[in-house]
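Peer 1: Given next are the chains, with one letter for each unit.
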Amino acid sequence: MTATFDYEKCIKCRSCFELCPLDVIAWNEEKDMPYVKYPDECQLCFICQVECPSEAIHVKIPLAFW
Amino acid sequence: MRNIKTDVLVIGAGAAGSMAAIMASDLTENVIVLEKAVHRSGGALGIGHFTSEINPMCNVPGGPTSMEFVEGYLSSSSGWSGIERPLDKYIIAEEFTPIVKELESWGLEIYKREDGSWDSYWHKHIGERMESGCWVKGGTMKKCLMDEVKRRGIEIVERTMAVDLLTNDLKVVGAVGLNTRSGELTAYHAKSVVMCTGSASRTYIVNPGSKWFYMRDMGTNSGDGRGMAYRAGAELTMMELIRTDHMQGNVMARFWGGKCINAKGEDFLAETYGRRWSRSYAMHLEEYKGNGPLFWDARALTDEQMEKQLAYVDDEKNYPDVVLTEYYSQRGVDRRKALAEFESQPIGFLGGPVFDYYGGTTLPGLYAAGDEIWQDSLSGAFVFARRAGIAAAKYAGLQEDWTPIDEGQLREIEDTVSAPMKREEGISPQELEEKIRSIMTKYAYISKTGGLLENGLRLLREVREKWWPKVKAENPHEIMRAAEVRNIMTVAEVHMAASLFRTESVPYGRHFLHRLDYPTQHPTWYRQRVVVKNEGGEMKLYKRKTVEQRPPTREEYEAVKEVKP
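Chains R and E, in that order, give the protein sequences.
Numbering-wise, this note's numbering puts 17 at position 17 of the first sequence, and it's gapless, one number per residue.
Converting from the second sequence to this note's numbering requires adding 1000 to each position, the first position being numbered 1.
Read the hints as simulated data drawn from the structure, not as lab findings.
Glycine included, every Cβ here is placed at the ideal spot set by N, Cα and C.
Where hints are given, some of them may not hold.
Over the 10 Å line for every Cβ pair with chain E, so calculated as not near, a few chain R residues [unchecked claim]: (1) Phe-5; (2) Glu-8; (3) Gln-43; (4) Glu-55; (5) Lys-60.
Computed cross-link-like contacts, BS3-like style, restricted to lysine-lysine with a CA-CA straight-line distance of at most 30 Å [said to hold, decoys possible]: (6) Lys-1259/E x Lys-1137/E; (7) Lys-1545/E x Lys-1533/E; (8) Lys-1394/E x Lys-1259/E; (9) Lys-37/R x Lys-1143/E; (10) Lys-1394/E x Lys-1442/E; (11) Lys-1150/E x Lys-1259/E; (12) Lys-1337/E x Lys-60/R; (13) Lys-1435/E x Lys-60/R; (14) Lys-1143/E x Lys-60/R; (15) Lys-1150/E x Lys-12/R; (16) Lys-12/R x Lys-1143/E; (17) Lys-1422/E x Lys-37/R; (18) Lys-1470/E x Lys-37/R; (19) Lys-1101/E x Lys-9/R; (20) Lys-37/R x Lys-1472/E; (21) Lys-1101/E x Lys-1561/E; (22) Lys-9/R x Lys-1143/E; (23) Lys-1435/E x Lys-37/R; (24) Lys-60/R x Lys-1137/E.
The task is simple: from the sequences and hints, build the whole structure.
Peer 2: The following block contains the structure:
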C-alpha cells in the first residue's frame, strides 16, 4: 500500500514525480499521469501527499505497518 | 565519462550538505553539490525530521552556558560511556546558537513569546542530558537553506548519487556521480570533498509487518559515505554502536510531557533508572527484561499542555507528525485518550569516518559532516558542517592545481557500477539487500552475542562473495539500488566486526552496544574507541585511546575556534 491518485483531481503538475525522494513515483508520458512504479520502495514519507497542490494523492498506511 | 572540475564537491544536500556548501561558498565560487533525491526532499529535513524542536540553545537568557551544557552531558550516560570527546560538545554549545540566528536571517521561522524572545526552554529529560532548545516552524527549516543556496547561486546536481571517491595515492580528488534517471556517470574532479550522506540506516528489517523501506531515518540513507570512505582507506570509528529509538511504526514517538510506562503501569524511566541510563537503552532493557510493551501515558496532561503539544505535532509538513496524524486518523483512534504503544527499534548507525575538530577525515582532501560522522543530531550537523565547509574551501585554496585523476581507477569504477546492467541473469538489488538486512536482524540485532555475530559475519561474507557478483539491474534506478547495496554490505560487515571486537557493553546516550555475553562495561575498554580500516582489501580493527573524559577548558576551545584546513 502506498500513494494512490485521484486522477480527476490531478492537475498534472508533476510535483509528486519531481519530489519523491526515493524516486518511487514515475510519470506515464503517454497518458500524462503519475503512477507508482516501485510500490515496495515507498517509505510512507507523505511528501507527495503534503505537497500535492490539488489534494489528489492519498497515501494509505498498510494494516501491518503498526 | 564527462569530467567536471570544481574546487569543493559536497555529497548530499541535506542539512549538513546545504550548510557546508553555503559556508564553502563564502571562500570560493566553485562549489558543486550532488544530491541523490532532490534538494527539497533530500535528507532528514526533507522528510521533516527534527524540525519543530532544535537544541541545544546555550548562552541565551535563561539557558545554560556552554560549560553547564557540557557538564550536564558528561554526567549522563553519554559522558560516563568513556568514549566521548567533550570538546565536540563544547564546540556545539558555543556555535549552534549563532548559527540559528543566521538561519533566522535566511528565513527560518522561530516561535516567539509575546515579548518577541525565542520560545526557548531549559529542562532535564529523565535519564538524559540537559535539554535546552527552542521551537521552530518545521516547514521553514529546509526552505531557508534552499533559499540561501539559491541566493548564492550554488549548483545542486539532483538525482545524482556519488558511487565512489576518486583518489590519488591516499589523497581524495573527487567522486563519480551516477544520474539515477539517465544512468550517466560523471567524474567530479575536486580539490576537496565534503561527504554529508547521513546516517547508515538501511540495515535491519525492523518489524514483521515491515517492508524494506519502512524505517525512521531517510530511506536514501544507505551508508554511501561510509562505504566510499572505507573503500578509499579512511578510518571508521564508533561503528559498533547501534542507535535505537522509541518508535510507532516507522515514526519516532513523541512524548513531551506525560510519562513512559511499562506493562505494569510503572514509570520505569524515573523509578528504575533515574538519570543513569539513556532513555533508549533503558527502554530496550525494559523490553528485554519482559516488562513490555511500553506506552506513552499522557492521561495526566492538562488540556492546555496537550493542546500545546498537538499544536507542534500537527504542524503540517512535519513529516513524522504528518505520519502520526495520518495514522491515528486512518485507524480512527483518538490519541488524546489512547495510551500510545511504542517499541525500541534499531535506527541505524551514526559511527563513521574518524574526524578532527574541523570535520577532516584521515584522508587528505576528504571532510565529513552531519550524521556521516559521530555528531549529535541537527545542532552537530550544522556546527560541524559549517566547520567542514570552511575547512574544505581553505584546503582547496591551498592547492595550486587539481591533482590528476587516475584513469585506471575511473574505468574500474565504471565497470563495477555498470556491471549489473550487463548481466543477463541474476538477482535484483532488492533481493540482496533483503538478504543482508535479514542477516543483520537475525545475527546483529539490538542485543548481541559473540556466537551470533561470528556466525552472522561468516554468512554475510559468503553472501557478499557469492551473490554480489550476480546482482542484475534493469534500468538506472536499479543501478542506483545496486550501488547502494554495495555500501549496505560494507556498513553491515563493519558493524558486525566492530561489535564482535568490543568485548563489553557500552551505553552512550541513544547509541549503545548491548553484548549479552559481556553485559557490563569493562575497565580495559574505558576511553577506547574501535577503529576499522580497509588495508589492501583486508578489514583491520584497532583499539584507539580517546581523550580524557572531563569538561574542556576555555583555552582548549580557543585553540580550535578558528577553522583550519
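Peer 1: Does each hint hold? Answer for all of them.
Peer 2: Status of each hint after checking the structure:
1. Phe-5: About 17 Å separates Phe-5/R from the closest Cβ of chain E, which puts it past 10 Å; holds.
2. Glu-8: 22 Å, holds
3. Gln-43: For Gln-43/R, whose nearest Cβ neighbour in chain E is about 4 Å away, the distance does not exceed 10 Å, so it is violated.
4. Glu-55: Check passes; 12 Å lies beyond 10 Å.
5. Lys-60: 7 Å, violated
6. Lys-1259/E x Lys-1137/E: With a Cα-Cα distance of about 25 Å, the restraint between Lys-1259/E and Lys-1137/E holds, given a limit of 30 Å.
7. Lys-1545/E x Lys-1533/E: Holds, at about 16 Å.
8. Lys-1394/E x Lys-1259/E: Status violated; Cα separation ~48 Å.
9. Lys-37/R x Lys-1143/E: Distance of about 28 Å is within 30 Å: holds.
10. Lys-1394/E x Lys-1442/E: 46 Å, violated
11. Lys-1150/E x Lys-1259/E: 43 Å, violated
12. Lys-1337/E x Lys-60/R: 23 Å, holds
13. Lys-1435/E x Lys-60/R: 27 Å, holds
14. Lys-1143/E x Lys-60/R: 27 Å, holds
15. Lys-1150/E x Lys-12/R: Measuring from Cα to Cα gives roughly 26 Å; hence the hint holds.
16. Lys-12/R x Lys-1143/E: 23 Å, holds
17. Lys-1422/E x Lys-37/R: 22 Å, holds
18. Lys-1470/E x Lys-37/R: Measuring from Cα to Cα gives roughly 24 Å; hence the hint holds.
19. Lys-1101/E x Lys-9/R: It is violated: about 41 Å lies between the C-alpha atoms, which goes past 30 Å.
20. Lys-37/R x Lys-1472/E: 18 Å, holds
21. Lys-1101/E x Lys-1561/E: 18 Å, holds
22. Lys-9/R x Lys-1143/E: Cα-Cα ~27 Å, so holds.
23. Lys-1435/E x Lys-37/R: Given that 30 Å is the threshold and the Cα spacing comes to 22 Å, the pair holds.
24. Lys-60/R x Lys-1137/E: At roughly 26 Å apart (the allowed maximum being 30 Å), Lys-1137/E and Lys-60/R satisfy the hint.
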